[in-house]
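There are 4 protein chains.
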Amino acid sequence: MPEPTEPTESELPVEPELPDNWGRWGDDDELGTLNLVTDAVRASAAAEVRTGRWASLAQPIAPNPMISSPFAPTTVDVSPVQHMMAHTGVAVAADWMLVTNHHAKSTHLDALAHWSRDGDVYPGRPRGEVVTPAGVTHASSASFAAGIVTRGVLLDLAHQGPLPPAYAVTSRDFEEAEERQGAEVRSGDALVLRLGWPSTPVPGTPTPGISLDAVRWMHRRGVSVCAADRGDAHPPLEPGEPSPLHGVALGRMAMPLIDAAELDDLAALCVELRRYSFLLTVAPPRIHGLTGVPVNPIATF
Amino acid sequence: MPEPTEPTESELPVEPELPDNWGRWGDDDELGTLNLVTDAVRASAAAEVRTGRWASLAQPIAPNPMISSPFAPTTVDVSPVQHMMAHTGVAVAADWMLVTNHHAKSTHLDALAHWSRDGDVYPGRPRGEVVTPAGVTHASSASFAAGIVTRGVLLDLAHQGPLPPAYAVTSRDFEEAEERQGAEVRSGDALVLRLGWPSTPVPGTPTPGISLDAVRWMHRRGVSVCAADRGDAHPPLEPGEPSPLHGVALGRMAMPLIDAAELDDLAALCVELRRYSFLLTVAPPRIHGLTGVPVNPIATF
Amino acid sequence: MPEPTEPTESELPVEPELPDNWGRWGDDDELGTLNLVTDAVRASAAAEVRTGRWASLAQPIAPNPMISSPFAPTTVDVSPVQHMMAHTGVAVAADWMLVTNHHAKSTHLDALAHWSRDGDVYPGRPRGEVVTPAGVTHASSASFAAGIVTRGVLLDLAHQGPLPPAYAVTSRDFEEAEERQGAEVRSGDALVLRLGWPSTPVPGTPTPGISLDAVRWMHRRGVSVCAADRGDAHPPLEPGEPSPLHGVALGRMAMPLIDAAELDDLAALCVELRRYSFLLTVAPPRIHGLTGVPVNPIATF
Amino acid sequence: MPEPTEPTESELPVEPELPDNWGRWGDDDELGTLNLVTDAVRASAAAEVRTGRWASLAQPIAPNPMISSPFAPTTVDVSPVQHMMAHTGVAVAADWMLVTNHHAKSTHLDALAHWSRDGDVYPGRPRGEVVTPAGVTHASSASFAAGIVTRGVLLDLAHQGPLPPAYAVTSRDFEEAEERQGAEVRSGDALVLRLGWPSTPVPGTPTPGISLDAVRWMHRRGVSVCAADRGDAHPPLEPGEPSPLHGVALGRMAMPLIDAAELDDLAALCVELRRYSFLLTVAPPRIHGLTGVPVNPIATF
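Residue numbers (the UniProt record's numbering), protein chains in the order written: chain A, 1 to 301; chain B, 1 to 301; chain C, 1 to 301; chain D, 1 to 301.
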């Protein structure tokens with residue numbers, strides 16, 4: 001904990017306006033907060049790589065096989081991937097998959113065009129021109145298609161176990177974690193948040209989630225992208241602002257989100273290496289025009 | 001060039017047996033040559049990261065929109081991805097995609113179970129038990145699902161332009177490139193090969209390709225994974241062995257392949273940085289049970 | 001032709017209001033004009049069946065194979081069906097298909113919920129409650145799922161060749177065809193219209209189409225369902241009312257439409273049998289919750 | 001029951017050979033037993049149509065919605081149809097569906113190429129030439145694409161309730177039903193069989209099924225197509241011949257099968273009308289190249 005005689009950043013009076021980056025990088029921008037990843041940030045990311053140890057931030061996906069046998073089971077687990085094994089006619093195996101790009105059982109990267117605000121998509125284009133039956137024409141997955149490479153910092157809020165139900169994560173939690181871990185979130189960094197909860201809803205149990213205060217802190221710090229095992233609370237923390245992370249961070253700050261991450265492996269590696277910062281490589285399949293895309297982010301130490 | 005008084009490695013008498021790793025790492029192995037990526041290899045990979053500069057080795061994919069308008073065009077470009085924009089009923093955009101996992105217009109990672117040999121899949125399991133209507137049960141994409149992190153070396157065989165049609169790439173080309181570039185392919189490395197050709201066939205023009213001699217060299221050197229813009233020649237270089245890379249390297253050496261890479265960006269960056277070795281991060285979506293999966297490999301310098 | 005001293009039905013002054021059946025069969029109705037198919041209509045349909053000769057009103061669909069070979073063609077014809085042959089592991093062949101339900105190359109039946117009007121779906125439910133991400137909850141394909149069986153009448157407007165480009169089909173054309181053919185469209189009948197044009201657009205050529213006057217005639221006559229090789233003109237006949245068939249007949253009269261029919265076989269059979277009325281069986285796959293569904297209507301004589 | 005002094009047809013000595021129609025209609029035939037549907041058969045079918053009453057023989061299909069909400073249910077019922085509502089950008093609703101063509105919850109028509117025998121497909125073509133990654137090239141769904149129109153007869157074996165578990169349906173059951181119902185199955189007829197069981201398996205309970213004796217009877221009578229609520233028993237009735245209906249009737253007699261029919265509505269209508277014969281219209285979507293296709297057969301009286 002910091003000394004109590006000085007107010008922490010989060011104890012300062014809350015600014016009344018919501019954080020907003022529309023227009024900050026021009027009218028044609030498709031990168032949003034990824035503009036904060038400068039050469040200097042990438043150099044500091046490179047400096048984190050010293051051992052070659054790494055962890056995946058993605059949850060494993062068990063596809064749902066589209067088998068046609070009359071003796072298939074009568075129910076299946078919902079999966080983001082429907083899998084079809086192909087008849088190839090030769091001794092080579094091939095397949096197809098039907099992917100639901102936004103799904104709670106899939107670690108995925110939200111494109112900026114996933115969200116809209118008063119009928120517009122970032123940074124102010126009419127939604128009807130951007131989100132079309134033929135795909136997304138601006139701020140789609142194409143913006144990240146060559147990959148995102150930056151410094152990442154894990155703030156492990158679940159170091160003593162999962163956060164309590166309905167817990168509102170605030171900037172104070174972030175700053176305590178920085179202090180405890182000896183890590184600092186700097187401009188251009190990827191912020192990785194572990195709440196210790198599964199990405200799928202738990203019937204009857206309110207989940208913890210990210211508060212608006214926490215999102216304001218991300219804005220002040222200059223976070224470029226945020227990955228979390230659980231993001232917006234369900235049910236919402238505050239009726240008036242149901243989704244600080246998607247509605248404000250993605251929708252107004254133009255900060256790409258990595259939803260439904262799985263962070264136990266990363267947390268264990270950080271404990272082992274006594275280090276919470278790393279090179280983060282976010283490289284989804286290089287497919288253009290999507291609203292979101294499955295991704296397997298890799299933290300390298 | 002090495003001194004001519006000493007024969008190069010490729011001038012040694014060719015061993016009669018095909019390279020073979022079945023059984024080398026036990027009867028339950030699912031990693032194949034990825035076993036060669038030791039901690040020491042990863043440490044040397046880490047040592048390559050100094051600037052934070054990076055390049056994607058994946059070609060961009062323009063999905064084919066599954067629009068239903070009566071006034072759609074009457075033909076479409078073939079694409080590995082069929083894209084469907086979803087009706088969400090709210091101001092959030094979402095979508096699905098139907099992915100052909102093995103496709104010449106998609107940079108993808110072949111699982112070991114993609115190939116089989118005399119009815120068996122690596123390292124000797126009956127194909128019918130491994131390749132099933134419900135998915136692949138052994139040596140599938142699950143083997144790489146947490147990502148592959150190793151040292152990569154680009155051998156740019158097209159530094160003076162695309163290789164000639166029907167050119168057979170041999171170990172001599174590799175060793176000349178090592179000499180020219182000042183790079184060395186070591187055990188556990190990922191080998192990245194640029195022939196300067198598109199991954200799609202060129203009607204009426206025979207493509208260059210990797211010879212069996214070149215594959216033997218990979219075996220001797222201990223390559224862990226191979227990425228190329230073009231691999232096996234079409235039509236085959238030798239009638240008797242139609243596909244050295246898929247039939248021998250993948251099928252017998254159990255070396256995962258990254259097919260249909262796009263390497264111009266990487267080659268330009270290597271020229272700029274005067275360095276052909278890097279950290280290679282291969283992290284496809286973490287989906288189990290597939291025969292292959294789209295991937296966006298990232299080289300970080 | 002009727003006697004010229006009496007005005008034909010179509011020469012009467014045009015009523016100013018658009019035809020409208022919302023509310024006519026109650027607030028919960030899902031059948032629309034199919035309510036006009038009474039037992040008496042079906043008995044008259046049955047009376048048409050005397051020989052067992054029949055014709056399909058559907059165009060053949062050549063699926064687009066989702067083959068994954070690197071040597072596939074680089075473009076394909078657009079098709080409403082993407083076809084995937086399955087790996088079954090046994091000597092039984094099976095497959096999947098991905099179907100675009102509304103497509104110009106597929107003869108399909110539009111559900112009433114396909115259209116909406118001022119935010120409502122027939123007969124006055126909020127669109128957001130009816131058209132949901134989980135499917136259509138009212139007036140979907142479920143309304144026709146047990147099949148439609150009624151008397152059908154072909155009016156062959158193309159008996160002397162395709163209609164001219166941009167031709168506006170009116171009630172006069174219908175009445176002349178009735179007179180010429182010795183057929184009469186009665187309440188509850190299915191109306192089958194042959195304009196002699198393909199269902200796909202012809203670049204640079206305006207197509208003929210159904211006028212609002214023709215739709216009013218269908219309303220007066222009590223047509224229950226309409227099938228045509230070409231329906232609404234492209235470009236529209238009148239700027240103010242771009243789609244009389246879909247906007248008025250489907251959207252206001254709640255008359256299901258069979259789009260993109262192929263009627264050459266039917267027309268030839270009518271000529272051979274010298275009869276233009278028949279039993280029409282419209283039985284799409286019995287799948288609920290769709291906005292439209294491929295169908296193979298059968299005319300039996 | 002017939003008089004016991006005369007042996008029924010099924011009491012005659014069983015011929016040793018399996019019924020076989022390969023070659024009966026030439027080397028290029030794609031119709032199989034549909035060749036038995038002559039003009040005379042169709043005329044007799046037409047004569048059955050007197051009232052316009054009808055029944056569907058298809059079970060309703062509830063699609064599985066491919067919703068992407070994080071709050072989707074965690075399991076779903078297995079369905080032959082995966083449904084995707086499309087973003088159209090306008091007030092028109094459209095959708096796609098991914099269909100498993102052979103599925104126990106879908107009434108579907110098996111193409112002759114669904115089965116093979118010693119590596120060949122009817123009437124003797126190498127399977128590898130017929131069943132290809134690009135679809136089926138012979139005896140596919142294209143054979144029935146214009147629809148099947150013939151006389152149908154329901155034999156209601158479940159008139160007193162579902163058949164017992166593991167019951168072997170024989171020709172005696174058929175002849176007793178003919179006698180009881182006053183109906184006769186004649187050459188070219190469609191045979192509709194109601195066993196009173198659901199098409200989906202019942203865990204732990206052996207189902208009834210069609211015996212080889214019953215299939216021989218179909219061959220002698222000249223049945224052209226067979227529809228049943230349940231066909232081959234599970235587990236098999238006899239270990240040596242696991243599937244008389246699929247292996248012999250479809251595979252050797254080249255008789256198309258309608259699997260997984262739902263016949264309660266038809267049975268009730270037959271009781272009401274005191275008539276078990278009707279016009280049967282089998283008109284799946286007119287899609288070529290499939291191994292099977294969903295269908296909604298309609299019986300018209």
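Hints in this document: simulated from the structure, not taken from any laboratory.
Some hints could be false.
[Claimed, not checked] Ranges of calculated distance between the beta carbons of each label pair, as one might list FRET restraints:
hint	chain 1	residue 1	chain 2	residue 2	range
1	A	E129	C	E238	26 to 32 Å
2	C	D264	D	Q160	27 to 33 Å
3	B	D27	A	R24	33 to 39 Å
4	D	V202	A	D265	38 to 44 Å
5	D	T75	C	D264	44 to 50 Å
6	C	D264	D	A91	29 to 35 Å
7	B	P242	C	H159	43 to 49 Å
8	B	D20	A	R24	39 to 45 Å
9	A	P235	C	D265	54 to 60 Å
10	A	R186	C	G204	34 to 40 Å
11	D	D28	B	P165	53 to 59 Å
12	B	P164	C	G204	55 to 61 Å
13	D	P60	A	V271	52 to 58 Å
14	A	P206	B	A268	50 to 56 Å
[Unchecked claim] Below, a sample of chain C positions facing chain B; criterion: calculated Cβ distance under 7 Å:
hint	residue
15	T88
16	T100
17	G128
18	V130
19	A166
20	P235
Just so you know, even glycine gets a beta-carbon here, dropped at the ideal spot from N, CA and C.
Do the hints match the structure? See the list:
1. Between A:E129 and C:E238 the beta carbons are some 27 Å apart, a value that agrees with the proposed interval 26 to 32 Å.
2. One distance hint, 27 to 33 Å for the beta-carbon pair C:D264 and D:Q160, is violated here, with the actual separation near 49 Å.
3. Under the hint 33 to 39 Å, the C-beta atoms of B:D27 and A:R24, about 58 Å apart, miss the expected range.
4. Taken as a hint, the range 38 to 44 Å holds for the pair D:V202 and A:D265, whose Cβ atoms sit roughly 43 Å apart.
5. At about 48 Å, the CB distance of D:T75 to C:D264 agrees with the hint of 44 to 50 Å.
6. Take C:D264 and D:A91: their Cβ atoms lie about 34 Å apart, and the range 29 to 35 Å holds.
7. Between B:P242 and C:H159 the Cβ separation comes to about 58 Å, which falls outside the hinted range of 43 to 49 Å.
8. Between B:D20 and A:R24 the Cβ separation comes to about 58 Å, which falls outside the hinted range of 39 to 45 Å.
9. Range check, A:P235 to C:D265: Cβ separation about 59 Å, and the 54 to 60 Å hint holds.
10. Between A:R186 and C:G204 the beta carbon distance is about 59 Å. The supplied range of 34 to 40 Å is therefore violated.
11. Roughly 42 Å separates the CB atoms of D:D28 and B:P165, a value that falls outside the hinted 53 to 59 Å.
12. At roughly 44 Å, the beta carbons of B:P164 and C:G204 sit outside the given window of 55 to 61 Å.
13. Our hint of 52 to 58 Å for D:P60 and A:V271 holds, since their Cβ atoms are close to 55 Å apart.
14. Between A:P206 and B:A268 the beta carbon distance is about 52 Å. The supplied range of 50 to 56 Å therefore holds.
15. The closest approach between the C-beta of C:T88 and any C-beta of chain B is roughly 6 Å, which is under the 7 Å cut-off, so the hint is satisfied.
16. Given hint, C:T100 at the interface with chain B, holds; its Cβ is 5 Å from that chain's nearest Cβ, closer than 7 Å.
17. The interface hint given for C:G128 holds, since its Cβ lies 6 Å from the closest Cβ of chain B, which is under the 7 Å cut-off.
18. The interface hint given for C:V130 is broken, as the beta carbon of that residue sits about 10 Å from the closest beta carbon of chain B, more than 7 Å.
19. The closest approach between the C-beta of C:A166 and any C-beta of chain B is roughly 16 Å, which is over the 7 Å cut-off, so the hint fails.
20. With a cut of 7 Å, the hint placing C:P235 at the interface with chain B is violated, because the nearest CB-to-CB distance is about 10 Å.
Hint compliance for this structure: hints 2, 3, 7, 8, 10, 11, 12, 18, 19 and 20 are not met, and every other hint is.
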